[in-house]
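**Student:** One-letter residues, chain by chain:
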Amino acid sequence: METTNRKHVTIDPITRLEGHGKIDIFLDDQGEVERAYFQIPELRGFEIFSLGRPAEDMPQITSRICGVCPTAHHMASTKALDSLFHVVPPRPAKLIRELVYNTFMLEDHALHVYVLGGPDFIVGPDAPADQRNIFGVIGKVGVEVGLKVISTRRRLRGLISHLGGKVIHPVLGLPGGVSKRLMPEELPEFRQIAKDAVEFAQFTLQVFKDIVLANPEYVDMIRSDAYTHKTYYMGLVDEKNRPNFYEGKLRVVDPTGKEFAKFVEGDYLDHIAERVEPWSYVKFCYLKKVGWKGFKGGIDDGIYSVAPLARLNVAEGMSTPLAQAAYEEYIATLGPKPIHHTLANHWARVVEMLNAAERMVELLDDPDIVSDDIRLIPTATPDKGVGVVEAPRGTLIHHFETDEKGLCTKVNLIVATQNNAARMAMSVESAAKSLIHGGVVNDGLLNKIEMAFRAYDPCNACATHSLPGQMPLIVRVMDRKGEVVRELRR
Amino acid sequence: MVLALGNDLLCDDGVGFAVVRRLRPSFSEAEVEFVESGESGLALLELIVGYEAVVIVDALVSGVRPAGSVIVMDSSEFCRVIAPSAHYAGLAEVMDLGHRLGLPMPSRITVVGIEVEDPYSFSPSLTPAVAAAVESAAQVVVSLLPLEPR
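Read top to bottom, the protein sequences are chains A and B. The first sequence begins at 1 in the numbering used here and counts up by one. The second sequence begins at 491 in the numbering used here and counts up by one.
Isolated chain A, as found in the complex (with noise of 0.2 Å):
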């Protein structure tokens, strides 16, 4: 590695994240930090493309736009088009929804802990990078906990399916309901599949426990500097302030846990705005009523996060018992809330697979849930519709305007990733700051830096090239004039 000049490193793409993810890093004379930022997809060819099509397309479309959170896009999309239809579902219709929601945040909670994010807990940080993934994880569990969370996770996957239709391209959700029943004779197995995906999230959380915080190493690193920033949060609650995936209002707390405000999905550009800064095309959000101060933090600075840490940030309980006992325990363990710790994460990750696998017990035990009333036909002229869903990875907003047709004239989506984009900026800078000086870039270093990336599980894909695996990474030094200087391939 070069130690003089001004450097520019990139690292790309991000190992095991799903889809394209790109980490710059510029050092200065002295091989020092001099900013860290990260690049994700831009949406906006997505939301030109969309124009003119029938709104009621939207949720086949935009569940095309990620490989990873289909069912996200799909059920956001959904909800926008019973805002702007004027429809309201029929109770059965909502908890079809939820009980498909709640399975798909399960599932792909489950793939986050044990695949994408989890290894660098469960193999360790500093192993090297051929043994972080699924083989390291497995070697260290054992293969009977590997076809466990296969076997799992297709039996979720199926339920999906079974309701929405592929996966992939769910077929689901329609403006005032959904397009499919459940049918009495079908509840015994998918009550087995709840009944055995809460005990999955109970094991879960006790390989959490016994592997990462059994470790006073691990839990050193979750509360270390380089990993914890003290901004704002956001997340879905119920009237409770408790967490719901599916419905609810946006909850704000600001850096000492104090609510700063709450508002219904429709009013969320009174509260967020985006700011595009000259050396990145990435939009960052911010509190519009804080205003922009520029990767700061602190109560001053309107920087807000969202995902699984600000969920149960923003949260004043859970709405089961086995997630309200976790979130004590993950409270007591690294309160007093708000907790900044971006590695924290992965632990309220785990506490929510625990909440999804309990809620889908209790809607597969609501009576409504087998009913025929799963559609109220709209008749109003559609106009405007905000959909709201909390996915895996955070808050996510469709917005969509349309003539009197329902021909879609606006379209403008915020995705989790780009609600956290400030904020996981500042992440990487920091966490790049503290772990490379004097121009020493090596793969354990980088690691780290992308170890507070991860944490986030930031969905850059577009559903091409989405890869958990491991595509080449690529380390590349530039000078002052964006020359390359040397180029570093894993």
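What the hints contain is simulated information worked out from the structure, not anything from laboratory work. Computed from a predicted model, the values in this text were never measured in an experiment. Possibly wrong hints are sitting among the right ones.
[What the hints assert, rightly or not] Derived CB-CB ranges, DEER-like:
1) B:SER633 to A:ASP238: 56 to 62 Å
2) A:LYS262 to B:VAL562: 53 to 59 Å
3) B:PRO594 to A:GLU199: 21 to 27 Å
4) A:GLY165 to B:GLN629: 26 to 32 Å
Idealized CB from N, CA, C, for every residue including glycine.
Chain B: place on chain A using the hints.
**Tutor:** Relative to the frame of chain A, chain B by itself:
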């Protein structure tokens, strides 16, 4: 199973889907299953587990062949191929993982790759050179199946 990977809203990335949609009506579902997916990694494992033989149809970005070129690769070649598409790098891992877990993995996986021009723009249509290659790619897929189209 014939498995198309890609995204039919991203221009040429949808070429695999176009090929399986062309072939699907010619075979009974009981004989050959045609699947379209935008997934990879672990989801890919979940898709292919339990099948006897799998033909994967996908867009290729090598940059060295003219758009519309069709190539066939056997699963044994995946490790030697330096990621012509991200999907394959994942596939070698997926096969390895499946074997290590003792899952019933397909005994044979063949990839039919179609060199593409633009897999990045949001568009539901293929570029002309790639659209023109759909038929020949479909014939290549048929030649790999143990059955004749009806």
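**Student:** If a hint holds in the structure, say so; if it does not, say that too.
**Tutor:** Hints versus structure:
no., hint, result
1, B:SER633 to A:ASP238: 56 to 62 Å, "holds, 57 Å"
2, A:LYS262 to B:VAL562: 53 to 59 Å, "holds, 58 Å"
3, B:PRO594 to A:GLU199: 21 to 27 Å, "holds, 25 Å"
4, A:GLY165 to B:GLN629: 26 to 32 Å, "holds, 30 Å"
Every hint from the earlier list agrees with this structure, and none is contradicted.
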